[in-house]
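Visitor: If you want the building blocks of each chain, they are given just below.
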Amino acid sequence: DQQVKQNSPSLSVQEGRISILNCDYTNSMFDYFLWYKKYPAEGPTFLISISSIKDKNEDGRFTVFLNKSAKHLSLHIVPSQPGDSAVYFCAASGWAQKLVFGQGTRLTINP
Amino acid sequence: EAGVAQSPRYKIIEKRQSVAFWCNPISGHATLYWYQQILGQGPKLLIQFQNNGVVDDSQLPKDRFSAERLKGVDSTLKIQPAKLEDSAVYLCASSLVGGKDYGYTFGSGTRLTVV
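Protein sequences, first through last, are from chains A and E. Going by the working numbering, the first residue of the first sequence is number 1, and it counts up by one from there. Going by the working numbering, the first residue of the second sequence is number 112, and it counts up by one from there.
Just chain E, with the same shape it has in the complex:
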């Protein structure tokens, strides 16, 4: 079974620029998550999709962050404009259903550095 694919692996941008991350979940996984992991902290949920609908985006800074999941498969996370404090690893995860069976599988993440 192929894992969760994320690209790019690394990205360096200047503050106020925009950036986009891409995630391809495991085939058949209905639920997709984007997490932000700042150095020295645990991952923090930004947004959760069930198919192509948003389940939870309460911690997404909506003035600068946006995410979409077209056709309930791939997803993109965008930051515009970026701030220095957005430097982090952005992790995508997917699961069969949003639930406690916890087939949560994470991708390797995109490390963003904002200078």
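Just chain A, with the same shape it has in the complex:
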């Protein structure tokens, strides 16, 4: 039972353009959502989060959008930079406070 899904295993974007990573969830009890970034041979690092009471959260080049009715969130990176090349995981949490992760999307930024 995959409660958090990232349907795009990979995404390739030109440097300077916008990267959009998508995530869908099925559990309506989730009320907090996060994005993590992972480089090879390293653990995931926290990037940005959003509470279910909001529909947008912005931090520098990163913006997360939440559409609760569609059970969908997205991460926008603009402008994309070569250092953004990594695997991005979407994660969600509910009352149990444990994180449920999606499968990840490998983002490649091309010069």
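Hints were generated in silico from the structure; no laboratory data involved. Quick caveat: nothing in here was measured; it's all calculated off a predicted structure. Some hints here could point you the wrong way.
To be verified - Selected chain E positions facing chain A (Cβ under 8 Å, derived; list incomplete):
id, residue
1, Gln152
2, Gly153
3, Asp167
4, Leu202
5, Phe217
6, Gly218
7, Gly220
Claimed, not checked - To give an idea of the chain E side of the interface with chain A (calculated C-beta under 10 Å), a few residues:
id, residue
8, Arg120
9, Tyr146
10, Tyr215
Note that the Cβ used here is the ideal one computed from N, Cα and C, for glycine as well.
Fit chain E to the known structure of chain A by using the hints.
Guide: Quick look at chain E alone, frame taken from chain A:
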């Protein structure tokens, strides 16, 4: 601030052997998590500790996996006996409290290969 330390970084064992992983969380972090990340999948929670007590071990295969957190600090995760499908990266994470402030910090993980 020192990060979450894990060892070893890599381990190769034969099936049916046993293996143990060690994690030292960030000082003062009460909550410790072990995640299993199989290639091509997202991390999956195996067990969550609050201090030295288990909060959630619902996805821990208890017939072969065990974990402990002595004195509410370091933790070890053991697999005995190992199966081929246990090949994965085992990630340890810690946070100040189990909660939504999300000071979740992950270690670099231990990559286990079972042959």
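Visitor: For each hint, tell me whether it holds in the structure or not.
Guide: Against the structure, the hints come out as follows:
1. Below 8 Å, beta-carbon pairs count as interface contacts, and E:Gln152 has one with chain A at about 5 Å; its hint therefore holds.
2. The interface hint given for E:Gly153 holds, since its Cβ lies 3 Å from the closest Cβ of chain A, which is under the 8 Å cut-off.
3. For E:Asp167, the interface hint holds, the least distance from its beta-carbon to any beta-carbon of chain A being 6 Å, beneath 8 Å.
4. About 6 Å separates the beta-carbon of E:Leu202 from the nearest beta-carbon of chain A, less than 8 Å, and the hint is met.
5. The criterion of a C-beta within 8 Å of any C-beta in chain A is met by E:Phe217, whose closest approach is roughly 3 Å, and the hint holds.
6. For the restraint placing E:Gly218 at the interface with chain A, the shortest Cβ-Cβ distance is roughly 5 Å, inside the 8 Å limit, so the hint holds.
7. Interface hint at E:Gly220: satisfied, since its Cβ lies 6 Å from the closest Cβ of chain A, which is below the 8 Å cut-off.
8. Using the Cβ-Cβ criterion of 10 Å, the hint placing E:Arg120 at the interface with chain A is satisfied: the shortest such distance is roughly 8 Å.
9. Checking E:Tyr146 against chain A: minimum C-beta separation of about 8 Å stays under 10 Å; hint holds.
10. Interface hint at E:Tyr215: satisfied, since its Cβ lies 6 Å from the closest Cβ of chain A, which is below the 10 Å cut-off.
Hint compliance for this structure: every hint is met.
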